[in-house]
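K.L.:
Sequence:
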Amino acid sequence: MVHNGSVDAGVAGTTGNSEADVDVDEVLTTYNNMVERHNPFREPNTASNYEEFRLAAGYDMNLYDICRQPREPQDRTLHIPASSLDEELNCAICTGIIRDAMVITACLHRFCTVCIHRHIHEKGKNTVCPVCNTPFTTRRALRPDPTFDNLIKMVYGDVDAYEQAEEARIQLNNKELFPRLDLDKHKDDIPINPIANKRHRSR
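Under UniProt numbering, the residue at position 58 of the sequence shown is numbered 58, and the numbers go up by one with no gaps.
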């Protein structure tokens, strides 16, 4: 219970689940001293019998904040399907993994630097975002995004090696699904993604 801003030992029962190394009496004494120092006439909060009492005079803390123990840092690996990241991490122009990310400030969509510069050159004065058609006039509306580049590096590592491994995996799957199709013979005749190929040739 609270009497004129002080907490008596009855509150200790509400913190019975605290860690063994927490001295509840010491915490309550500290709390009461802070309240008395800043507002000796503080009235108890009667809004709810279950509501924790707020510290006065600029302290945005309550008894839970004082008693709780720091959380242990989570050191674990999260596994998610790579396909679930395609929409966010792939360039909408070349459909490959975004390289040297560039952001359109008007709509915050990201593209490869080479791809969006080519898009601006081809569209001229009527340039719009390839995703949402938001108009933007010049390259001054673009900003590099090094944080996104670091994210790409953390997810994929060496992007060239990752894309080569993906291409080899796709070819292997196609050979298993279509054993009579000579993919090596026709791979130069049927470009799977001509825009992406053009991007790679321009690097």
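In case anyone wonders, no lab produced these hints; they're calculated from the structure.
Note that beta-carbon positions come from the ideal geometry of N, C-alpha and C, so glycine has one too.
Do not rely on the hints blindly, as some may be mistaken.
Stated by the list, open to error - The calculated label-pair distances, taken between Cβ atoms and stated as ranges, are:
#, residue 1, residue 2, range
1, Asp25, Val155, 33 to 39 Å
2, Thr105, Ala168, 35 to 41 Å
3, Asn150, Pro81, 18 to 24 Å
4, Ala165, Thr138, 46 to 52 Å
5, Cys132, Asn174, 29 to 35 Å
6, Thr30, Arg143, 36 to 42 Å
7, Pro70, Pro146, 15 to 21 Å
8, Pro70, Thr138, 48 to 54 Å
9, Lys123, His79, 39 to 45 Å
10, Thr134, Glu26, 54 to 60 Å
Unchecked claim - Straight-line Cα separation of at most 25 Å, SDA-like style, residue types lysine to any residue; simulated pairs:
#, residue 1, residue 2
11, Lys125, Ala141
12, Lys123, Asn133
13, Lys123, Leu142
14, Lys153, Gln164
15, Lys153, Val131
16, Lys153, Glu87
17, Lys125, Val103
18, Lys153, Arg71
19, Lys153, Gln69
20, Lys153, Ile170
21, Lys123, Thr147
22, Lys125, Thr113
K.L.:
Looking back at the numbered hints, which does the structure fail to meet, lowest number first?
P.N.:
1, 4, 6, 7, 18, 19 and 21
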